[in-house]
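A.B. asks: Starting from the known structure of chain Z, arrange chain H on it as the hints suggest.
There are 2 protein chains.
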Amino acid sequence: MISVAILGAGNVATHLFKAFSKKEGVFVSQWYNRHIDTLASYKNEVDVIDDLSQLKDADVYIMAVSDDVIANLSSQLPFENRLVVHTSGSVSVYDIDKKHKRGVLYPLQTFSKNAEIDFANVPICIETINKACYPLLKQLARSLGSPTKRVNSDQRRVLHLAAVFVNNFTNQLYRIGHEITESEGAEFDLLKPLILETALKVQNHSPFTAQTGPAKRHDKKTIKKHLKALENPHHKNIYELLTESIQHTHGRKKL
Amino acid sequence: MISVAILGAGNVATHLFKAFSKKEGVFVSQWYNRHIDTLASYKNEVDVIDDLSQLKDADVYIMAVSDDVIANLSSQLPFENRLVVHTSGSVSVYDIDKKHKRGVLYPLQTFSKNAEIDFANVPICIETINKACYPLLKQLARSLGSPTKRVNSDQRRVLHLAAVFVNNFTNQLYRIGHEITESEGAEFDLLKPLILETALKVQNHSPFTAQTGPAKRHDKKTIKKHLKALENPHHKNIYELLTESIQHTHGRKKL
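For the record, the sequence lines run as chains Z and H.
Just so we're aligned, residue 1 is where the first sequence starts under full-length UniProt numbering, counting upward by one.
Just so we're aligned, residue 1 is where the second sequence starts under full-length UniProt numbering, counting upward by one.
Incorrect hints may appear among the rest.
Just so you know, same-sequence chains aren't split out, so a pair can sit in one copy or run between any two.
To be verified - Keeping only pairs whose Cα atoms sit at most 20 angstroms apart, straight-line, the calculated EDC-like set for lysine to aspartate or glutamate is: (1) Lys22 / Glu45; (2) Lys138 / Glu187; (3) Lys216 / Glu187.
FYI, nobody ran anything at the bench for these hints, they're computed from the structure.
Chain Z on its own, in the form it takes in the complex:
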């Protein structure tokens, strides 16, 4: 049985708590947050605290807090030589106070406040400074049913960066699609099967192979029509830049 203390009360912390609570082999011994009120609804399930000095011995302390808080919180922990990890994609493992055994459990997924999450769909990237810390973190991630991958700092950094492209930026393209369709009273709903199919395609094919459309075909006529139709200058810039990017990837002449 691995004992875990969770620090923080955001989306990741909450999803981790709920998932651990349902799984065998893991026991959340304490849940800390600066504002204890946020944890009030869990007080019958777990020892909720707002005072770091109350933290008891645990196998792993998981700091699922804002990037900016990680370094400071780790220094305030009133013990040393225990395994302390953060869950951030972009913060260095060395930002954790060096009095601890240090590691990272980076769940590569987007967490919503309300939607239930199946950790089988959450790859967990594990980074440790000391190799000896790795097996326990792997066992912990596996207990959630998550695929795990050992990564180094550079790999975690590029995964986080790539995640911004495939998640936040992609979602913004959906948003632009929404704006464009609504501008003529067309229904965004009609695009939803296409959005899903585009994401499904790259589950089994490389994005390079999956590419289609006017940019790849160098279909100047359609590209010209589209640029003319785009009224919003931001949308026009994005259209031009991504068309160029596709043509750069797939060779031949420029826009």
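C.D. replies: For chain H alone, coordinates are given in the frame of chain Z:
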């Protein structure tokens, strides 16, 4: 029973033929292509022809051909006053020779050569000049199990444009994610659940509501780290432009 003649042998034509062949209520009477060899493997299933003068009477003639060919092919058809449609998102219905009854069946989906397609996931946008042509086209699309939507020219035009954003441009963001992860020997596979979850999220939430990440949070520190990490100037430009776009959509200060 609706009789259909298909013209063209690309992805859309082939998927339509296969789908119609399996469905009740529709009969593909002939399949035309300029190069008959392309259709050789279907000659036992349908009357394949490469000579327009051999076209017999049919309820609908579907031109599933390249945008550039539509106008010319429609003029060459050796009959008039019959229902002739194209399947393009961006070509005007008026590009079809006015000797015909004219319409558009625009399937709003990405078609791959090999992957089987379920037309239940292919919304078909229907446009007609003459209202009287609409019911037959709707019945035809419904026979495939497709959701249908009557659209006007402007709506079809913006749907096609929006499809480029949510399909081609999104796929290029996946490609960039692939390049970025591989640059450090990290695995693109780790991003696949996130890609799928991002697409699933907007099936039930607006892209506006679904947005998360450093751009929306105005997390300058992370944005700066990311821009520093991006070596490819194209990727850097795309990062900056889409970050700005998110911040424009979600208010407050600029990058």
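A.B. asks: Each of the hints needs a verdict: does it hold here or not?
C.D. replies: For each hint, the structure was consulted:
| no. | hint | verdict |
| --- | --- | --- |
| 1 | Lys22 / Glu45 | within (12 angstroms within a copy, 55 angstroms between copies) |
| 2 | Lys138 / Glu187 | between (45 angstroms within a copy, 18 angstroms between copies) |
| 3 | Lys216 / Glu187 | neither (26 angstroms within a copy, 25 angstroms between copies) |
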